[in-house]
Amino acid sequence: MEIKELLYTLSELDSIGSITEASDKAYEILSKYADTKKYDTLNVIGKIKGKTDYTIMLDAHIDQIGFVVTDVDENGFLSVATVGGVDLRALPSKAVTVHGKEKITAVFCSTPPHLAKGDIEYDDITKIKLDTALGEKAKDIVSVGDYVTFSDKCFDLQGHKVCGRSFDDRAGVVCLLEVARRLSGKELPVNVVFALSSGEEVGLRGTTTAAFTINPQEAIAVDVDFGDSPDVSTNDSSPLGNGGIIGISPVLDKNLSQKLIDTAKENNIPYSVAVLGGRTSTDADMISISRDGVKTSTLSIPLRNMHSSVEILDLSDIYAVCDLLEKYILKGGVLGA
Amino acid sequence: MLDLLKKLCLIDGISGDEHAVKDFIINEIKDFCKYNVDNLGNIICFKKGENTPNRKIMLDAHLDEVGLIISNITENGYLKFQTVGGINTAALMLRRVLINGKINGVIGGKPFHLLDADSRKKLPKTDDLYIDIGAKTRKEAEKLVCLGDSAVIVSDFEILGDCVKSKALDDRIGCLVLIKLLKEYKKYDFYATFTVQEEVGLRGAKTAAFSVKPDFAIALDSTTAADIAGTPEDSKVCTQGKGVAVSFMDKATIYDKSLYNAAINSGILCQPKSAVAGGNNAGSIHLSGEGVRTLALSAPCRYIHSANSIVNIKDIESMLSLTKYMLENIANENIK
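These protein sequences, in sequence, are chains R and G.
Per this note's numbering, residue 1 is the first one in the first sequence, and the count goes up by one each step.
Per this note's numbering, residue 1 is the first one in the second sequence, and the count goes up by one each step.
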């Protein structure tokens, strides 16, 4: 599958809570290239063995943001809670998918014009109901605890830019699957273990057990980071189309980050650098403190409109991330690079 | 019926740029009536029936929908826009748009992670929003988009239980009812007008009514159904599934009371529009010439002027039945 097709396929499938459409598909693909296993934690972990016992863990999270149903009323309106960070300002009159006994479409209520007095505040998900338009029949299909996801389809923008939902972090998952494809069957200087981790959006949970299971010497978390847009300062963002973003932070291994930079330079792979003053809010924060500690860095794909149903990225950045990871691993990681 | 409604809704036609909807409708009705297109782009149809009433009757629905118009292109290739009609500005952020029916774009926003607590609660001002088509420079964007181009928020037409969910239900439902009457109704002569620019001030209906010079008119449109969770009973305006809403008064018209009474007492499923709010083409039509006795029938529509409006199919059927009933009873002078 082409990179774009793979990204679109995985992003239009859902993985949230007990829904595992995207992770099932990713498992199927990763199994072709690596010794792959599904875990009860909903992690998918695939291993390609190398010549030594040294193990590099590549991590991308397979879960996505969304909602969980907390009430179904007799008129067909649902109350929901957020799963992960959702921008409530983007919800009025938004159509979403409810994963009930069957998948149904529902629309978030918006305040009718004659009742809108001044600025409406979008600060409380308990005030924003979800309309199934099914009236009392809603209870036959939807139950408390069912998940709700965005339903937007992926589409092309100008240049190599594409738009869709759940690119955070299906973009990272696509990178891992592509790197697995490229490395599969090759003689590797080190073991590479691909972790498609669950529960990142609710507190970096899947990776906590994945890192323990894998017990790597070093790790790279492949996630998304803020892309440039007119209302985001260049201090907080990196331009789309300039390659992956290598993270530097007190919680990351500076040597590993530097080796990634060196590898990019040697191979003329575009990259940018983002410096943070503390934790990264990615799986790297948990992997790095697993067991007796893991040398960890981040390599991120710049993304606009993060945590919305219309996330935008540049496909050339995915290729740049794949190229960099491939070269870095073929050199044997931080010891060899 | 729903197939035709789907086709009608999925054509983009914001105010001032209704030609695609106009062409589609002409193709639907051309074999069933006489028609002409006036200088503004209104389609004015005359349907010859088996009988010619003493009264000239005009049925009206508007072609246009709310949307966006491109007003500027920034140095970095982003598009600025103005709203066209009373589009729900709360439903603009982080949506997919289609420009001129072919160029994909996204109304972007600052990630809420980077906002302070106060800004997270409030919608950005429409002036601060922009459309991202993925162009890197003004020059690149200008190859694809011109100032004045139209944009609409993209959405699917779907059936949800007994309801339809789509963009542009306001007022393609009215268009659907007119098309069906032009094709099927035979008893009395009537005029049908498909009018432009309703959403920017009831403008097309003004010139259409001037041309038709009707004695009686019925405006077919949509109105807010606020029958949603959390709305007090007395603020609901109308309730879905209880039939088409019949207006006694809104912000543009005080309606002919005998027409209102005849409709409400017709025995056909319908309900009063229980709020003096909004307005529709009746506002222009009833003031045309020496005045026109006018009625408005509106489909109760949740999330009106958004890309995901919801209307109950039963209420569309009610609009069709009640329009036919009123046409007939005005024509045969049962209604004095």
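Worth flagging that the hints you see were computed from the coordinates, not collected in a lab.
A portion of the hints provided could be inaccurate.
Unchecked claim - Quick list of simulated restraints, FRET-style, between CB atoms:
(1) 119/G to 139/R: 36 to 42 Å
(2) 86/G to 144/R: 32 to 38 Å
(3) 235/G to 202/R: 36 to 42 Å
(4) 235/G to 136/R: 48 to 54 Å
(5) 276/R to 10/G: 26 to 32 Å
(6) 234/R to 116/G: 14 to 20 Å
(7) 71/R to 265/G: 53 to 59 Å
(8) 146/G to 124/R: 37 to 43 Å
(9) 148/G to 289/R: 54 to 60 Å
Note that the structure is predicted; figures quoted are calculated from it, not measured.
C-beta atoms are modelled at their ideal positions from N, C-alpha and C, and glycine is treated no differently.
Cross-check of the supplied hints:
no.	hint	in the structure
1	119/G to 139/R: 36 to 42 Å	holds, 38 Å
2	86/G to 144/R: 32 to 38 Å	holds, 37 Å
3	235/G to 202/R: 36 to 42 Å	holds, 37 Å
4	235/G to 136/R: 48 to 54 Å	violated, 22 Å
5	276/R to 10/G: 26 to 32 Å	violated, 45 Å
6	234/R to 116/G: 14 to 20 Å	holds, 19 Å
7	71/R to 265/G: 53 to 59 Å	violated, 40 Å
8	146/G to 124/R: 37 to 43 Å	holds, 42 Å
9	148/G to 289/R: 54 to 60 Å	holds, 57 Å
Hint violations for this structure: numbers 4, 5 and 7, all remaining hints satisfied.
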